[in-house]
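Colleague: Order-wise, the sequence lines are chains A and B. Heads up: the first sequence at position 244 corresponds to 315 in my numbering, and the numbers run straight through without jumps. Heads up: the second sequence at position 102 corresponds to 681 in my numbering, and the numbers run straight through without jumps.
Read the hints as simulated data drawn from the structure, not as lab findings. Please note: incorrect hints may appear among the correct ones.
As the list claims (entries may be wrong) - Computed cross-link-like contacts, SDA-like style, restricted to lysine to any residue with a CA-CA straight-line distance of at most 25 Å:
no., chain 1, residue 1, chain 2, residue 2
1, B, K666, A, R173
2, A, K356, B, I672
3, A, K356, A, L89
As the list claims (entries may be wrong) - A few chain B residues that don't get close to chain A, going by computed Cβ distances all over 12 Å:
no., residue
4, A706
5, A747
6, Q790
7, F796
For glycine and all other residues, C-beta sits at the position ideal for the given N, C-alpha and C.
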Amino acid sequence: MLVYLPIAEISTNILTLLGVGAGVGMLSGMFGVGGGFLITPLLFFIGIPPAVAVATGANQVVASSISGVLAHLRRKTVDLKMGTVLLVGGLIGSTVGIWLFRWLSALGQIDLAVQLSYVLFLGVVGALMLQESLRAWYRTKKTGSGRRKLHQHTWVHALPFKMKFRVSGLYISVIPPLMVGAAVGILSAVMGVGGGFIMVPAMIYLLGMPTKVVVGTSLFQIIFTTAYTTVMHAVTGHSVDIVLAFFLILGGVIGAQLGTQIGLKLKAEQLRILLALLVLAVCVKVALDLLIQPGELYSIRVMGGE
Amino acid sequence: MRALILLLLTLAGALPAAASEIVGALSQSRVSLTTSFSGSEILIFGAIRRDPNEEQLAESDEANGSTDYDVVIVIEGPRQPVAVWRKDRRAGIWMNVDSVAMASVPSFYAVATTAPLNQIVSPETDAQYRISARQAIGGAAADDASPDAALFTEALMRIRERSQQYLALDRWVHLDRDILFRANVRLPANLTEGAYTTRMYLVQNGAVVSQFRTAIFVRKDGVERWIHQLAFDQPLLYGLLSLVIALVAGWGASALFRIIRQS
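Pulled out of the complex, with its shape left as it was, chain A reads as follows (with noise of 0.2 Å):
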């Protein structure tokens, strides 16, 4: 069953939409993470335009990122102030993104920025995950609990323009926050993806977030974000698809809660080993990509509006 995606001007297979849907939704589901670091390079490989690609998986970001987001405000795990911030640094590093993307593109390098940042960003967070994960299952299997301290002097605490931010229990200056956010909006803008697997350990360990609000807070700011994005590339690029956005959407939140069931059945500890094991695999795969001599050396850039 093929259909015709407006925007991207190809045919497509539904089947194929909804099962890269579906597949990167079960995964969000089972480990609570937004899915768009597999959207986009799945997109790719299916033939979708790179600037169709990015647009339309942060439009999928903002589909999966809602019901979450609507749960954490139900429970009050959202710290909104610090969230605020963080989303005013992410528009700012959004706004950066899509300008820069805009450039890459005109210079033709757009697809080895692409490239790049995923071999760069989720090479650094799948060790680091992988490395943490595996030490607190060696931990849990060895004793008790070895407990971080509650308050880390770092340089973080050091600067100026300190904020009380009451729901994390924090008083720090605001520059971290926005630095944090606004990174999040670049790779937003670049990359196509919430940026959460970044943002959430940069804000436990840099921030010293109380792990209880980070998810919370993270998704707050990623809904925000990415929709701005979304908005920002449709302005600027012409660049989202939304019946390729709608199939995806579709095949998502069915694969979300399939996910979910499949999450509670495993254990967390093994989950984030699975999870860091499958970033390091998508790294090395765009990583081959790139170092492997392509088949075909040329490539045709239809230049202008479509």
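Keeping the supplied structure of chain A fixed, place chain B upon it in accordance with the hints.
Modeller: Only chain B this time, still in chain A's reference frame:
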């Protein structure tokens, strides 16, 4: 000299009842790109009206077969400016390094013939009428000073042939009793909107005797047209619409599943 005479004859062909003529038609002159579009088959058919004077000549020449007609059908999609990039190894990574810009290259190009093109059309005629894909692109890359511009042109043709955007359909046109001809050409799923000019050439002894032009109009239709227009005319509204769809679908589905699980 001979070519000149033939050219004059072709020009005279515009006048009624002179040299041989080719007349053609299409099974459809409109292709709608809708949600279910997966390519389209077009039947191109027509007839050759023989010059009565030449008919007598033909009788006497029958033995050496030099008066055999051949038909060449060219379908050319809307032209676009493209950049062809070449990857090279830099610091161990394969990345785009060189590029050649081509001002105007057909987005689709099919040449269907009754016999291999190079056997029925002389290179001069090919160049004059820009029949083969190479000739159709030729002019676009010529203005580039790069020494290996030819390599980039080759690559463009190779990639587009592989993706079925450029087709060389030898012996694809069926010629019936030297009068009727027809050919089925498949337009692929990844069509660009616009007018696809369709040229039909009557060829004899390597030269064009008569030609006929028509066009296929390809446009997005139905919901697809509406979506595409909205995306380009009202991008802000379009962006917001895609957000609304995402929010409603994402929230609605999880709400639905919650109801299902509770009941």
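Colleague: Which hints, by number, does the structure contradict?
Modeller: Of the numbered hints, all hold.
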